[in-house]
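Using the sequences and the hints, build the whole thing.
One letter stands for each residue in the lines below.
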Amino acid sequence: MVVTVGSAIVALEAEEIIYGAIGLAGSLFGVATLFFLLNAPYVAVFQIAVYIGAVAVLILFTVMLVRQEKWAKEVAPKSGTRIAGILTGLAITIALAFAVVATDLAQFTTLTNSATFVDIGKLISTGDSPILEVLALVLAAAVVGALTLSRVDKEDGVQ
Amino acid sequence: MNSLADFVLVSAMLFGIGIYGLVTKRNALRLLFAVEIMINAANLNFVAFGQYLPFASAAQASAPNPLGQTFVLFSIALAAAEAAVILAIVVVAYRLHQDVDVSELKSMEG
Chain W
1 MVVTVGSAIV ALEAEEIIYG AIGLAGSLFG VATLFFLLNA PYVAVFQIAV YIGAVAVLIL
61 FTVMLVRQEK WAKEVAPKSG TRIAGILTGL AITIALAFAV VATDLAQFTT LTNSATFVDI
121 GKLISTGDSP ILEVLALVLA AAVVGALTLS RVDKEDGVQ
Chain S
1 MNSLADFVLV SAMLFGIGIY GLVTKRNALR LLFAVEIMIN AANLNFVAFG QYLPFASAAQ
61 ASAPNPLGQT FVLFSIALAA AEAAVILAIV VVAYRLHQDV DVSELKSMEG
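In order, the protein sequence lines correspond to chains W and S.
Oh and the first sequence: position 87 is 87 in this note's numbering, straight run, nothing missing.
Oh and the second sequence: position 105 is 105 in this note's numbering, straight run, nothing missing.
Keep in mind that the hints are not guaranteed to be accurate.
Stated by the list, open to error - Taking lysine to any residue pairs in the SDA-like style, the calculated list, with each CA pair at most 25 angstroms apart, reads:
| # | chain 1 | residue 1 | chain 2 | residue 2 |
| --- | --- | --- | --- | --- |
| 1 | W | 78 | W | 23 |
| 2 | W | 78 | W | 14 |
| 3 | W | 122 | S | 49 |
| 4 | W | 122 | S | 77 |
Claimed, not checked - To be clear about the criterion: a stretch of chain S counts as covered by chain W if any three or more of its residues have a C-beta under 8 angstroms from a C-beta of chain W, and this derived list gives those stretches:
| # | stretch |
| --- | --- |
| 5 | 30–38 |
| 6 | 74–85 |
What the hints assert, rightly or not - If you anchor each label on the Cβ, the simulated ranges turn out as follows:
| # | chain 1 | residue 1 | chain 2 | residue 2 | range |
| --- | --- | --- | --- | --- | --- |
| 7 | W | 110 | S | 96 | 51 to 61 angstroms |
| 8 | W | 86 | S | 53 | 25 to 35 angstroms |
| 9 | W | 136 | S | 98 | 29 to 39 angstroms |
| 10 | W | 13 | S | 92 | 23 to 33 angstroms |
| 11 | W | 141 | S | 97 | 19 to 29 angstroms |
| 12 | S | 3 | W | 117 | 21 to 31 angstroms |
| 13 | S | 2 | W | 87 | 28 to 38 angstroms |
| 14 | S | 96 | W | 141 | 20 to 30 angstroms |
| 15 | W | 114 | S | 96 | 48 to 58 angstroms |
| 16 | W | 139 | S | 95 | 22 to 32 angstroms |
| 17 | S | 2 | W | 144 | 22 to 32 angstroms |
| 18 | S | 96 | W | 116 | 46 to 56 angstroms |
Calculated from the structure, these hints are not laboratory results.
We put the CB at the ideal spot given by N, CA and C, even for glycine.
This is how it looks when you write it as C-alpha cells:
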C-alpha cells in the first residue's frame, strides 16, 4: 500500500520524467500485489504482463525517444495552480474517505468470492464473447491508428 | 490491511493523486501517468468489491462471481490501447513542436 501510493507520488513529482516512468511502473506493481492480496492472481499476473510488461516499457521507450535536455528543467507549475491541485486532490480523497468510513465496508473482512481463472475464462468465452471481439477490434484499430499517426512520410522527409 | 474498507481507501488515495496530477501538470506524459493511476484506482475498486461481496441473492451467495475480475481484464486491455494512442500523439506533437507541453500546443486549438 505504501509502495503503491508512494510510487504514484514519485511518478508525478520526480524531477526527471524517466524516473517518473519508473515510479509509475512501481505503482502499477503495487496494485498488482494488492490484486494478489485480494485472491485474484489471474488479474494480478495480467496486470504485471500487460501494464509493466507492455505499457511501462512503451512509455520508457517514448520518453527516451523524445527526451531532450530542456526536459530536465521542466517548467514548474505556478504556485497557485500547484496549491489548487493539491487542495483538489486532498479534498476528493478526504471526501471519498469520509464516505467509506461512514459506510460499514470495514465489516467485510473475509474474501467470500471463490472465482478462479476457470470461471473467468468461461465468462469471457461464453457470455461476454461479443465484448471480447469488440475489444479485439478496438485494440487493432488503436494499434493501426498509432502506427499511422507516428509514420514518417518518405517523400517529404519529416511529416 | 484485510477489510474491504482498506482497499477502497487506497483506491481513493490513488484517485486523489491522479486528480492532483491532472490539475497541476502541463507535460503530456505526466498527464498520461495521472490518467493511468486513476484507471488503476478504478480497477482496484472493481476487484475489491467483486472479491469481498457475494451475489445479492441468497441462492447464489456461495457461487463464484468472476464479473469483477473479468471487467478489470477488459479495462486493462482498453487502457493499453489508450496508452498506445496517446504515446503516438505525443511523438507526433514532439516532432511538430519539439515540445510536449500541452499549453504550448496552440495549433490544436479549434
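Each hint, compared with the structure:
Taking the CA atoms of residue 78 of chain W and residue 23 of chain W, the gap is about 24 angstroms. The hint holds against a cut of 25 angstroms. Restraint check for residue 78 of chain W and residue 14 of chain W: satisfied, since their Cα atoms lie roughly 17 angstroms apart, inside the 25 angstroms limit. A threshold of 25 angstroms between alpha carbons decides the hint, and for residue 122 of chain W with residue 49 of chain S the separation of about 20 angstroms falls inside it, so the pair holds. The hinted pair formed by residue 122 of chain W and residue 77 of chain S meets the criterion: a straight-line CA distance of about 18 angstroms does not exceed 25 angstroms.
A stretch counts as covered by a chain when three or more of its residues have a beta carbon under 8 angstroms from one of that chain; for the stretch 30–38 of chain S and chain W the count is 6, and the coverage holds. Note: the stretch 74–85 of chain S has 11 residues with beta-carbon separation from chain W under 8 angstroms; the three-residue rule is met and the coverage holds. Distance hint check for residue 110 of chain W and residue 96 of chain S: the Cβ-Cβ separation is about 55 angstroms, which falls inside the suggested range of 51 to 61 angstroms. Restraint check, residue 86 of chain W to residue 53 of chain S: a C-beta distance of roughly 33 angstroms satisfies the suggested window 25 to 35 angstroms.
As the Cβ distance of residue 136 of chain W to residue 98 of chain S is approximately 36 angstroms, the hint placing it in 29 to 39 angstroms holds. Roughly 27 angstroms separates the CB atoms of residue 13 of chain W and residue 92 of chain S, a value that falls within the hinted 23 to 33 angstroms. Roughly 26 angstroms separates the CB atoms of residue 141 of chain W and residue 97 of chain S, a value that falls within the hinted 19 to 29 angstroms. A hinted range of 21 to 31 angstroms for the beta carbons of residue 3 of chain S and residue 117 of chain W is consistent with their spacing of about 25 angstroms.
The hint said 28 to 38 angstroms for the Cβ distance between residue 2 of chain S and residue 87 of chain W, and at roughly 32 angstroms that hint holds. One distance hint, 20 to 30 angstroms for the beta-carbon pair residue 96 of chain S and residue 141 of chain W, holds here, with the actual separation near 23 angstroms. The supplied range of 48 to 58 angstroms is met by residue 114 of chain W and residue 96 of chain S, whose beta-carbon atoms lie about 53 angstroms from each other. Against the hinted window of 22 to 32 angstroms, the Cβ-Cβ separation of residue 139 of chain W and residue 95 of chain S comes to about 25 angstroms, which satisfies the hint.
Separation of residue 2 of chain S from residue 144 of chain W is about 45 angstroms and departs from the stated range, judged on CB atoms against 22 to 32 angstroms. In this structure the hint that residue 96 of chain S and residue 116 of chain W lie 46 to 56 angstroms apart at CB holds, the actual value being about 49 angstroms.
Of the numbered hints stated above, the single one contradicted by the structure is hint 17.
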